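Number of protein chains: 2
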Amino acid sequence: LLVNGKEMHSLWREGMQIKMIDQRKLPQKIEIFVARNEHDVAYAIKEMVVRGAPAIGVAAAYGVAMARDSKKAAELLQATRPTAHDLFHAIATILGAIEHGEDAVKAADEYAAAIVEKCRKIGEHGKKLIKHGYRILTHCNAGALATLDYGTALAPIRMAKDKDIFVWVDESRPRLQGLLTAWELEQEGIEHAVIADNAAGYFMEKGMVDMVIVGADRIALNYDVANKIGTYEKAVVAKENEIPFYVAAPLTTFDKSIEDGSKIEIEERDAKEVYGIYPRKFKARNPAFDVTPAKYITGIITEEGIIELDK
Amino acid sequence: LLVNGKEMHSLWREGMQIKMIDQRKLPQKIEIFVARNEHDVAYAIKEMVVRGAPAIGVAAAYGVAMARDSKKAAELLQATRPTAHDLFHAIATILGAIEHGEDAVKAADEYAAAIVEKCRKIGEHGKKLIKHGYRILTHCNAGALATLDYGTALAPIRMAKDKDIFVWVDESRPRLQGLLTAWELEQEGIEHAVIADNAAGYFMEKGMVDMVIVGADRIALNYDVANKIGTYEKAVVAKENEIPFYVAAPLTTFDKSIEDGSKIEIEERDAKEVYGIYPRKFKARNPAFDVTPAKYITGIITEEGIIELDK
Numbered sequence: 001l002l003v004n005g006k007e008m009h010s011l012w013r014e015g016m017q018i019k020m021i022d023q024r025k026l027p028q029k030i031e032i033f034v035a036r037n038e039h040d041v042a043y044a045i046k047e048m049v050v051r052g053a054p055a056i057g058v059a060a061a062y063g064v065a066m067a068r069d070s071k072k073a074a075e076l077l078q079a080t081r082p083t084a085h086d087l088f089h090a091i092a093t094i095l096g097a098i099e100h101g102e103d104a105v106k107a108a109d110e111y112a113a114a115i116v117e118k119c120r121k122i123g124e125h126g127k128k129l130i131k132h133g134y135r136i137l138t139h140c141n142a143g144a145l146a147t148l149d150y151g152t153a154l155a156p157i158r159m160a161k162d163k164d165i166f167v168w169v170d171e172s173r174p175r176l177q178g179l180l181t182a183w184e185l186e187q188e189g190i191e192h193a194v195i196a197d198n199a200a201g202y203f204m205e206k207g208m209v210d211m212v213i214v215g216a217d218r219i220a221l222n223y224d225v226a227n228k229i230g231t232y233e234k235a236v237v238a239k240e241n242e243i244p245f246y247v248a249a250p251l252t253t254f255d256k257s258i259e260d261g262s263k264i265e266i267e268e269r270d271a272k273e274v275y276g277i278y279p280r281k282f283k284a285r286n287p288a289f290d291v292t293p294a295k296y297i298t299g300i301i302t303e304e305g306i307i308e309l310d311k
Numbered sequence: 001l002l003v004n005g006k007e008m009h010s011l012w013r014e015g016m017q018i019k020m021i022d023q024r025k026l027p028q029k030i031e032i033f034v035a036r037n038e039h040d041v042a043y044a045i046k047e048m049v050v051r052g053a054p055a056i057g058v059a060a061a062y063g064v065a066m067a068r069d070s071k072k073a074a075e076l077l078q079a080t081r082p083t084a085h086d087l088f089h090a091i092a093t094i095l096g097a098i099e100h101g102e103d104a105v106k107a108a109d110e111y112a113a114a115i116v117e118k119c120r121k122i123g124e125h126g127k128k129l130i131k132h133g134y135r136i137l138t139h140c141n142a143g144a145l146a147t148l149d150y151g152t153a154l155a156p157i158r159m160a161k162d163k164d165i166f167v168w169v170d171e172s173r174p175r176l177q178g179l180l181t182a183w184e185l186e187q188e189g190i191e192h193a194v195i196a197d198n199a200a201g202y203f204m205e206k207g208m209v210d211m212v213i214v215g216a217d218r219i220a221l222n223y224d225v226a227n228k229i230g231t232y233e234k235a236v237v238a239k240e241n242e243i244p245f246y247v248a249a250p251l252t253t254f255d256k257s258i259e260d261g262s263k264i265e266i267e268e269r270d271a272k273e274v275y276g277i278y279p280r281k282f283k284a285r286n287p288a289f290d291v292t293p294a295k296y297i298t299g300i301i302t303e304e305g306i307i308e309l310d311k
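Keeping their order, the protein sequence lines are chains G and B. Counting in this note's numbering, the first sequence runs from 1 upward without gaps. Counting in this note's numbering, the second sequence runs from 1 upward without gaps.
Possibly wrong hints are sitting among the right ones.
[As the list claims (entries may be wrong)] Going by beta-carbon spacing under 10 Å, a handful of chain B positions derived as facing chain G:
| id | residue |
| --- | --- |
| 1 | His-125 |
| 2 | Tyr-232 |
| 3 | Asp-290 |
| 4 | Pro-293 |
These are calculated hints, taken from the structure and not from any lab test. None of the values given here were measured: they were computed from a predicted structure. Glycine included, each C-beta is placed from N, C-alpha and C at the ideal position.
Given only the sequences and the hints, what does the whole structure look like? Please build it.
So, in structure tokens, the structure goes:
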């Protein structure tokens with residue numbers, strides 16, 4: 001993650017403190033949030049100081065590792081957000097390490113380093129899909145902020161930045177995580193434009209989008225993908241316009257215990273995230289994720305290669 | 001249009017003044033904008049004091065009728081906004097009346113009265129499509145505010161309010177005209193919830209939307225429909241989920257000089273409408289409308305009946 005020309009991670013350990021770029025404050029300012037225990041980490045996940053499935057996983061890993069009572073910490077952290085699979089995977093990994101008598105903090109460090117390496121590999125595999133001059137649409141922020149470094153959807157884009165590419169950034173209401181993506185692209189010097197989510201279909205239909213790449217919060221056994229609300233609409237419209245639609249995610253996002261997407265729990269967040277920008281309150285509903293059936297997905301870019309779904 | 005229990009129009013003539021509810025101020029406050037000449041009317045259309053294709057048409061009709069030089073006024077008003085067909089139709093109607101030696105103000109009054117009556121009839125035809133307990137999705141504001149009274153998309157909904165209906169209101173970024181719809185529904189006591197535009201597909205896919213009704217800005221000869229940005233996405237996703245998708249519009253919105261939707265000029269508005277809610281400026285694009293090909297439309301509800309497109 002490039003921040004004013006300096007390479008850094010969006011979350012890292014310093015002694016027994018977990019430091020993270022406070023994503024609620026971006027892009028206005030770069031502020032560091034310090035978590036000193038599992039309660040701070042739980043707060044950070046719940047309030048979206050840290051967000052993005054892989055980054056949430058790393059934060060939770062450290063939360064368990066730092067706790068005196070790792071079982072209690074695991075329970076606390078599992079209750080923060082229900083949709084991202086990495087959270088549960090990371091907690092299970094650290095609990096497993098503890099059970100095997102390993103050093104929990106070292107296990108969390110390894111988990112963090114592995115996520116960065118997985119994202120780097122996702123970038124390597126994914127960049128081959130991007131041709132010179134491609135105009136790529138992305139939704140939400142599946143960037144370095146969401147994954148410590150590189151990103152999932154943004155990793156291939158970062159690595160293809162010498163290919164004269166352009167990125168359409170869905171603003172991603174209600175929480176406008178698209179601005180985090182735009183901020184990362186600014187930092188990297190990659191051409192882009194933010195659009196109202198409603199305009200994605202317009203540009204697709206006009207032939208101005210060559211491919212779509214998004215991240216994922218949870219992937220079912222049949223490759224149905226839960227991701228930020230709106231992903232489903234974009235996937236349906238992409239398919240209708242024969243635009244390749246790729247999901248980028250490490251294997252930690254795959255949940256083999258869930259047969260298909262209909263069984264993924266979808267978090268419904270406070271309606272205030274919707275009406276908060278209005279001049280006054282209105283009755284509102286706020287599902288934070290949706291499920292994109294595998295049939296709309298061209299392929300899933302993982303650290304081990306691309307799973308082709310559209311044959 | 002019900003405003004605090006009192007019936008009124010969103011735009012009306014008093015002597016030689018045109019009064020209109022200032023839609024930029026809603027829903028915070030009900031403020032009346034007074035136009036004293038064609039320049040005031042042009043400002044009101046451009047700045048969206050008045051909006052919605054039929055209401056823009058009525059405003060322009062009065063603008064021409066009030067002017068000393070009706071030809072110059074017509075030119076001025078035609079240059080305000082390019083997409084809504086009613087604008088051009090209304091101006092041509094008044095110019096025609098003047099040419100035939102008719103009283104221009106009377107012609108504009110008749111044009112206004114006719115729009116209200118057309119919307120009433122759209123409501124009568126459209127309400128037959130709405131079954132008891134229906135959950136209806138709408139996009140933007142095609143309500144009484146956009147049409148003086150009743151609305152186009154909202155006319156059938158108003159007239160079916162005793163059928164225990166529920167309305168999903170797309171917030172309709174970037175300008176959030178969904179709030180005008182929510183405000184109208186509040187005034188009428190019709191159950192509703194505002195949602196981020198991204199969530200429309202989620203609720204459609206969950207089987208929680210029984211039909212979609214939207215308005216239109218211009219309808220081509222082949223029934224392709226230009227309407228608020230995002231309409232196209234909703235139509236594609238509705239079709240994918242076998243949800244009836246209706247457009248409601250008076251015949252003044254039909255442009256027989258345009259063969260198909262690809263020839264409709266799409267207004268691109270100031271990018272500030274997109275980034276204005278962000279903590280700081282980002283590069284942005286802002287097309288205000290899109291075109292929904294006729295193949296995604298179940299039918300068009302007009303004052304003369306329903307044009308069935310999906311046989």
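Against the structure, the hints come out as follows:
1. His-125: violated (28 Å)
2. Tyr-232: Holds: closest Cβ of chain G sits about 5 Å from Tyr-232 (chain B), inside 10 Å.
3. Asp-290: Holds - the Cβ of Asp-290 (chain B) comes within 10 Å of chain G, reaching about 4 Å at its closest.
4. Pro-293: holds (9 Å)
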